[in-house]
Amino acid sequence: GAGVSQSPSNKVTEKGKDVELRCDPISGHTALYWYRQSLGQGLEFLIYFQGNSAPDKSGLPSDRFSAERTGGSVSTLTIQRTQQEDSAVYLCASSLRDEQYFGPGTRLTVT
Amino acid sequence: GQNIDQPTEMTATEGAIVQINCTYQTSGFNGLFWYQQHAGEAPTFLSYNVLDGLEEKGRFSSFLSRSKGYSYLLLKELQMKDSASYLCAVSERGATNKLIFGTGTLLAVQP
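Respectively, the protein sequence lines represent chains A and B.
Under our numbering, think of the first position of the first sequence as 44, with each following residue one higher.
Under our numbering, think of the first position of the second sequence as 790, with each following residue one higher.
Calculated directly from the structure, the hints in this document are not laboratory data.
Treat the hints with caution; some may be incorrect.
[To be verified] Pulled a few chain B residues facing chain A out of the computed Cβ check, cut under 7 angstroms: (1) Ala-828; (2) Phe-834; (3) Ser-836; (4) Arg-848; (5) Phe-849; (6) Phe-890; (7) Gly-891; (8) Pro-900.
[As the list claims (entries may be wrong)] Okay, the calculated bits of chain A under chain B, using three or more residues with CB under 8 angstroms as the criterion: (9) 57-66; (10) 123-131.
Because the structure is a prediction, the values reported are computed rather than measured.
For every residue, glycine included, the Cβ atom is placed at its ideal position computed from N, Cα and C.
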């Protein structure tokens, strides 16, 4: 089957604008994760969804970041009032058990 | 606190063996993952260690010592295509199963 897909692959936005990043997990995977990878940094956990449980938002860097997962499948990560430090690759991953499968990421550039 | 250390860069010769070390200090431990990431691509799963010892999978092996907070990834019969970043990640104990990543080791395989 298809792997994790993300859109857009690249996004350039002006400082202060809002952006939405989309993730389609592997069908049947109950867990969904968002990570951020900044230049020269390791992957940084942002948020986790598991089934119908309340999401773990402990990694979100500020209240400008939010995410939702509709119908236990597709997820959208929203960044409001983007700042230049938000520039990074945003990776989504899904899993059924332990192994997480990553999507290709969205490269966000805030100018 | 959480800390995962791995060398920033390594260089090895085609056909040789290379060992990439990872040490970790985390508040909990469920298991340790190794991922491979080629430039501009998504991380791909290599190995998962929960118990102490060596796990072998083809040319790649991974070792874990929980008492020492130490793991290594061993790559044998290196090929040029093995040039990539190798990411060490710890899954913390708890409901989330989120991954805490090191900054990655960039391996360059030379002819």
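Now the hints, each set against the structure:
With a cut of 7 angstroms, the hint placing Ala-828 (chain B) at the interface with chain A is violated, because the nearest CB-to-CB distance is about 11 angstroms. For Phe-834 (chain B), the interface hint holds, since its Cβ comes within 7 angstroms of a Cβ in chain A; the closest pair sits about 5 angstroms apart. With its C-beta approaching chain A no nearer than about 10 angstroms, Ser-836 (chain B) sits outside the 7 angstroms limit, and its interface hint is violated. Interface restraint check for Arg-848 (chain B): the shortest CB-CB distance to chain A comes to about 19 angstroms, outside 7 angstroms, so the restraint is violated.
Here the hint on Phe-849 (chain B) is broken, as its CB sits about 15 angstroms from the closest CB of chain A, past 7 angstroms. With a least beta-carbon distance of about 4 angstroms to chain A, the hint placing Phe-890 (chain B) at the interface is held under the 7 angstroms criterion. Interface hint at Gly-891 (chain B): satisfied, since its Cβ lies 5 angstroms from the closest Cβ of chain A, which is below the 7 angstroms cut-off. Against a cut-off of 7 angstroms between C-beta atoms, the interface hint on Pro-900 (chain B) is violated, since the closest Cβ of chain A lies about 27 angstroms away.
Residues of the region 57-66 of chain A lying with their CB closer than 8 angstroms to a CB of chain B number 0, which falls below the three-residue condition for coverage. By the rule of at least three residues with a Cβ nearer than 8 angstroms to a Cβ of chain B, the coverage given for the region 123-131 of chain A is violated, with 0 such residues.
When each numbered hint is compared with the structure, violations occur for hints 1, 3, 4, 5, 8, 9, 10.
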